[in-house]
Every structure is written in structure tokens, then in C-alpha cells.
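Engineer: Residue numbers (the numbering used here), protein chains in the order written: chain V, 1 to 116; chain F, 1 to 116.
It should be emphasised that the hints constitute simulated quantities derived from the structure, not laboratory data.
Just so it is clear, the structure is predicted and the values come from calculations on it, not from any experiment.
Please note that the accuracy of each hint is not assured.
To give an idea of the interface, some chain V residues facing chain F are shown, with a C-beta separation under 10 Å as derived from the structure [what the hints assert, rightly or not]:
hint, residue
1, 37
2, 43
3, 45
4, 46
5, 105
6, 108
We put the CB at the ideal spot given by N, CA and C, even for glycine.
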Amino acid sequence: AQKITQTQPGMFVQEKEAVTLDCTYDTSDQSYGLFWYKQPSSGEMIFLIYQGSYDEQNATEGRYSLNFQKARKSANLVISASQLGDSAMYFCAMSTSMDSNYQLIWGAGTKLIIKP
Amino acid sequence: ETGVTQTPRHLVMGMTNKKSLKCEQHLGHNAMYWYKQSAKKPLELMFVYSLEERVENNSVPSRFSPECPNSSHLFLHLHTLQPEDSALYLCASSQDSSYTSYNEQFFGPGTRLTVL
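All chains, please: the whole structure from these sequences, using the hints.
Structural biologist: This is the structure in C-alpha cells:
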């Protein structure tokens, strides 16, 4: 079964520290994608970073990087130098094909709170 | 307007009411999605439309009725809802719905629905 697991329901981090948000996935597909989205209290899902299953290098986007360990089926999000504005829910998602149509499988999310 | 917009942002309705949620995307995308987000649960995909044709219906109760009159607009018609239908309803769009590992979805801010 295809599944995304985020084991940290909530995290408190001091401002300016680095943060690692955990994500493990389960799939039998050879080709898949892994996404991280941020959801502030306003509700909108904001795309952060993407990693393809065949990408050999870890994805990076500014302060965000994805620690992709394919053998362990993990895709952890690393936020460097955290800021107060990083406080939000963070969701890991995996793209998959169901009957040749595109779907995203979502994790339950991690609530990140940055302390000043 | 840019991106994906949703109206209304908040909606309170009784179990016997009929209401509609509206989503509009200004990105030139061909696929649109309705998600339900309940507290502490992963996002649930409700409907997928590609080029105005429904391609996926994840066994959603008939009290939810989608409508996609064109590739820019998506509606969710609601009638005789139950209190457990209270949730954040998110609309998203993507270039298309065909399967490739990368197909970023762009989200609207959501409609917070409360059913009394």
C-alpha cells in the first residue's frame, strides 16, 4: 500500500536553529515524486520543494533542502536558520499513479512552532 | 487575480441548507482538484477534473456534487450535509492530471466549512 508517514505531530524550535522534519514513504512504484508543502494558519498550501525518485542529488530551494535516502524510504525536510515566519503546518506528499491518473498521497503533517 | 482563489473563505450552514463553494484558477491549468482537510488527518482527495471531465471520484457521498463548467472554474455543491462534514475544503490546480512524477499542484486558501 502507498503511504506517507510523518511521525512528529508537533515541534518547538528556537529561532535561527536548523529544523529537520521527518517523512517516510512506502511505495512499490519505481518512479515517484516527493513534495513538501507548508500550510500557514491562513490555510493555503504553499509548495516548498520537490525530489524525484531518480534524482541523484538532494533537492535544495533556498533555506529548504530535502534529505533523500532512497534505501530507507525517507525524505526529510531540513530548514536552515529558522525564522518566526516558518511557524506553520508542514506536509509531506508523494505522487503516484492510480489508473494512469495523477494523485498525491499526503502525510498527516507536522506542526512547527518557532520560538523567539 | 493570480493563482487559485476560493470563495467563500468561511461558511456556516445548517444540515438542511444548500450551498456552493467556488474555485477559480488563473494559471492556465487543465486539471483541478477538490480536497477535504479534517483536523489531524491527511488531506483526502475528493474529485479530480481534467479538461472539464471528471476523472476521479474517491467514493465521496452524493451530498457533495462537483461541477466544472470550464477549465478555470470548479464548484462544489453541498446539500443535506452532516456535522462530520465540517472541515477545510481546498481547491488545487495543476498543468494536467496525467501521471508524471512531477506535477506541482497549486492550492487556493480554502473554505472553512462548519455544519451545524
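Engineer: Compare the structure with each hint and give your call.
Structural biologist: Results of checking the hints against the structure:
no.	hint	result
1	37	8 Å, holds
2	43	4 Å, holds
3	45	4 Å, holds
4	46	8 Å, holds
5	105	8 Å, holds
6	108	5 Å, holds
Of the numbered hints stated above, none is contradicted by the structure.
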